[in-house]
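Student: Let's have the full structure, built from the sequences with the hints guiding it.
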Amino acid sequence: MKKLLKNTLLSTLAASMLLSAAGCGKTSEGNRGSVAVIAKSKGVEFWDDVKVGADDGGEEMNLNIAYSAPSSETQINEQIQMVNDAVKNKSKAIVIAPISADNQELVNALKAASDAGINVITIDSDLTDTNMRKSCISTDNDSAGAIAAREAAQLLGTDGGQIAIIGHTKGSQTATERIDGFTQQLTGASENPDKTIDTSKTNFNVVEVQYSDGDQAKAKQEATDLISKYPDLKLIYGTNEKTTIGICEAVKEQGKSGQIKVIGFNASKTEIDDIKNGTLNGTIVQNPYSMGYLGVRVASKLMNNKNVISSVDTGATYVSADNMDQEYVKLLLDPTNK
Amino acid sequence: MSSKSSIKMSVGYKIAMVIAPIFFILSGFVTNFVYKNGKNLYDTNFKSVEYINSINNDINKISSYLAQMATELGVNNRQADMSKKDDILAYAYSEFDNINRAMNSYQKINNLTDLEKRRFNQCRLGIIEYQDKLAYMDKMTSQMTLQELTSVYMQEMKPIQVRTSEMLEAAIDLSSDVAQDSYDQNNRLHNYINYGLISAAVIVELALIVIALKSVKAKKKIAEKNFQLERAGEKLKNSHQKIVDIANINILTDMHNRYALEQDLDAAIGKESFSIGVLDIDNFRSVNDSFGYGVGDEYLAAVAEKLNKEYSNSAKLYNISGNEFCFIFNKDITELQARQMLDLARENASNSFVVSEAVVQCPVSGSFYRYYPEDNLNVNTLLMKLDNALRAAKNSGGNRIQYISNL
Numbered sequence: 001m002k003k004l005l006k007n008t009l010l011s012t013l014a015a016s017m018l019l020s021a022a023g024c025g026k027t028s029e030g031n032r033g034s035v036a037v038i039a040k041s042k043g044v045e046f047w048d049d050v051k052v053g054a055d056d057g058g059e060e061m062n063l064n065i066a067y068s069a070p071s072s073e074t075q076i077n078e079q080i081q082m083v084n085d086a087v088k089n090k091s092k093a094i095v096i097a098p099i100s101a102d103n104q105e106l107v108n109a110l111k112a113a114s115d116a117g118i119n120v121i122t123i124d125s126d127l128t129d130t131n132m133r134k135s136c137i138s139t140d141n142d143s144a145g146a147i148a149a150r151e152a153a154q155l156l157g158t159d160g161g162q163i164a165i166i167g168h169t170k171g172s173q174t175a176t177e178r179i180d181g182f183t184q185q186l187t188g189a190s191e192n193p194d195k196t197i198d199t200s201k202t203n204f205n206v207v208e209v210q211y212s213d214g215d216q217a218k219a220k221q222e223a224t225d226l227i228s229k230y231p232d233l234k235l236i237y238g239t240n241e242k243t244t245i246g247i248c249e250a251v252k253e254q255g256k257s258g259q260i261k262v263i264g265f266n267a268s269k270t271e272i273d274d275i276k277n278g279t280l281n282g283t284i285v286q287n288p289y290s291m292g293y294l295g296v297r298v299a300s301k302l303m304n305n306k307n308v309i310s311s312v313d314t315g316a317t318y319v320s321a322d323n324m325d326q327e328y329v330k331l332l333l334d335p336t337n338k
Numbered sequence: 001m002s003s004k005s006s007i008k009m010s011v012g013y014k015i016a017m018v019i020a021p022i023f024f025i026l027s028g029f030v031t032n033f034v035y036k037n038g039k040n041l042y043d044t045n046f047k048s049v050e051y052i053n054s055i056n057n058d059i060n061k062i063s064s065y066l067a068q069m070a071t072e073l074g075v076n077n078r079q080a081d082m083s084k085k086d087d088i089l090a091y092a093y094s095e096f097d098n099i100n101r102a103m104n105s106y107q108k109i110n111n112l113t114d115l116e117k118r119r120f121n122q123c124r125l126g127i128i129e130y131q132d133k134l135a136y137m138d139k140m141t142s143q144m145t146l147q148e149l150t151s152v153y154m155q156e157m158k159p160i161q162v163r164t165s166e167m168l169e170a171a172i173d174l175s176s177d178v179a180q181d182s183y184d185q186n187n188r189l190h191n192y193i194n195y196g197l198i199s200a201a202v203i204v205e206l207a208l209i210v211i212a213l214k215s216v217k218a219k220k221k222i223a224e225k226n227f228q229l230e231r232a233g234e235k236l237k238n239s240h241q242k243i244v245d246i247a248n249i250n251i252l253t254d255m256h257n258r259y260a261l262e263q264d265l266d267a268a269i270g271k272e273s274f275s276i277g278v279l280d281i282d283n284f285r286s287v288n289d290s291f292g293y294g295v296g297d298e299y300l301a302a303v304a305e306k307l308n309k310e311y312s313n314s315a316k317l318y319n320i321s322g323n324e325f326c327f328i329f330n331k332d333i334t335e336l337q338a339r340q341m342l343d344l345a346r347e348n349a350s351n352s353f354v355v356s357e358a359v360v361q362c363p364v365s366g367s368f369y370r371y372y373p374e375d376n377l378n379v380n381t382l383l384m385k386l387d388n389a390l391r392a393a394k395n396s397g398g399n400r401i402q403y404i405s406n407l
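Line by line, the protein sequences are chains Z and V.
Residue numbering for the first sequence follows our numbering, starting at 1 and increasing by one per position.
Residue numbering for the second sequence follows our numbering, starting at 1 and increasing by one per position.
Some hints here could point you the wrong way.
To be verified - Chain V stretches covered by chain Z per the calculated footprint, using a threshold of three residues with CB under 8 Å from any CB of chain Z: (1) 152 to 164; (2) 272 to 280.
To be verified - Straight-line distance between alpha carbons at most 20 Å, and here's what the computed EDC-like set of lysine to aspartate or glutamate pairs gives: (3) Z:K330 with V:D132; (4) Z:K269 with Z:D322; (5) Z:K306 with V:D173; (6) Z:K269 with Z:E45; (7) V:K117 with Z:E249; (8) Z:K88 with Z:E59.
Calculated directly from the structure, the hints in this document are not laboratory data.
Glycine included, each C-beta is placed from N, C-alpha and C at the ideal position.
Tutor: In structure tokens form, the structure reads like this:
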């Protein structure tokens, strides 16, 4: 009897264990597939933040995130290879920050992906042929330029004054838009005839636009030249990280900190330091985390056959000494600080 | 054996009686637990989705107010428009009060997952940024043109709202997924426990059935064993009888032997009176000597057969030694009848017999005694008495019976 009872209890236990064991595998709905996230460059904080956002999205939406980035922003062939790999690896979606908007090989690779049923989503910058992608998650650089201009106007007041601009790469979409948005907002001068021009603030005068090719030393040299060329120069506007740092170096070197205002882009540690020491008045910060996260979210929605917005402006935030201690700014500057 | 099995049965039923109510109570508890758990999960997830939804709706409402303000109002507009601006902002601020309340409530919900908290944090900071921008816009309305105001709205506020709304929707999706997962998990838990209880109940039932079947089987086995035992007993009895027979019966004459006689006398002496007689073939030795032992044996067998045939109904016959026969007469035979029968038997035995083509005839002597319990004899003295009388008959010429007097 004892033995029988023991056997009974054991079999009951075994039966329930078996049942629960059978259930264990079902606790999560399982991985829904792989999403390739292809950035523009390795070793850049901005893209690291994109990866953080993408990884968070993957974790929340049960997607495997295959993140990759070319060795630098000029290595388009590497990026094309990454697209091909994503197709080969049967990714469900490709979230890409295209190095070029119209490089034929890249476009062909993405078209092949799209033809293979893979959803293509662009982040940070778009393709010329927007039919190639389902959605674009990026900063509206035109708006970002305009935000910089409004802050410049605030800094200079109604008196206005001379303003110089150092763009990062001449002809690049982001540089063009950031400069255009800025000048249009500030002076009403724009090459785009569609934009409504307000000519009421003509006391702002953009005296010169130079390009640094994204090179810090070159930006510094140009800023130095501009400072000596225009003694009444009130403000210099730089359109990317390296350019902004170069400008700040020149301003500091010329002893013009605080006198010549500087507005830049992005938020590297050096730039934050320059804000703290008063050389950099403010910087336009994009939201790379949201680009990565929303890129993956849009991919997930497309995988579920849901409608998505064809373009999302993740916005730009002006970060200055006034708001840099705000919680949302801190999170923006360091999205890993959840 | 059978009582042991019934003990087993009763233990089985007792256990069943204990286990059955335990099952009922347990399943009651479990159902209650699962229900409560499910309700908690439902409440948590329902609340979280509800709060986020309301935040999202409010943000969208604010956005539409601001869009209206940005597109309709400007710094140079009339006083009426300015008051309209104040109205719009008052709406927006009151919506923010709602949002802040909902955010506080959301953060007080227990059991939120880390992922939910993380996603909500992104939403919360988007909302704070939006609130900041609203204050900025409020401040700038008096300094900006309609176009600038629109730009601020479109370029700065709208993206925050779109992004935050996306994050809020992601938070809702996440909470819904978590809710679905929790619901599924709860259901699975419920199912497992149910399965567990049911299988346990089934197993216990089966165990009882097995016990019952086993006891039936055991009963059958016992019956079988009893039967076998009986048969073995019978066999034993038979073999014992055989042994007894071998011990009591003379193989040659098929008559009871001296051992049997002593047994019977031992049983009878002191209890009842009976007539006992002895016959002995005179000069039997000469038969063996003349015809051989084979003929002697056959002759003895023939005499025995004759005596058996004639007197076994009236007396129990014994072949107590080679050529000596004893009669214990039945109780219903009187002493006189017994005397006559023994004399007749002596005559019968002394007739000629044909054995192995030889004619054998020997005179027969005998002794007779009527035993009474008060005779104060035992088996040995009685037999000795008879033996002495037989010897006396033989000594006086043989072929006659010596009747022993009781005196």
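Student: Next step is simple, just say for each hint if it's right about the structure.
Tutor: Checked hints:
1. Counting residues of the region 152 to 164 of chain V whose CB lies closer than 8 Å to any CB of chain Z gives 9, so the stated coverage by that chain holds, three being the minimum.
2. Closer than 8 Å: that is the beta-carbon criterion, and the region 272 to 280 of chain V has 0 residues meeting it against chain Z, so the requirement of 3 is violated.
3. A threshold of 20 Å between alpha carbons decides the hint, and for Z:K330 with V:D132 the separation of about 15 Å falls inside it, so the pair holds.
4. Between the alpha carbons of Z:K269 and Z:D322 the distance comes to roughly 17 Å, so the proposed pair stays at or under 20 Å and holds.
5. As the CA atoms of Z:K306 and V:D173 are separated by approximately 13 Å, the hinted pair is consistent with the 20 Å bound.
6. Note on Z:K269 and Z:E45: the hinted pairing holds, with a Cα-Cα distance of about 10 Å set against a maximum of 20 Å.
7. A hinted pair counts as satisfied when its Cα atoms are at most 20 Å apart, and V:K117 with Z:E249 does not qualify at roughly 41 Å.
8. Note on Z:K88 and Z:E59: the hinted pairing is violated, with a Cα-Cα distance of about 23 Å set against a maximum of 20 Å.
Consistency with the previously given hints fails for numbers 2, 7, 8, ordered from lowest to highest.
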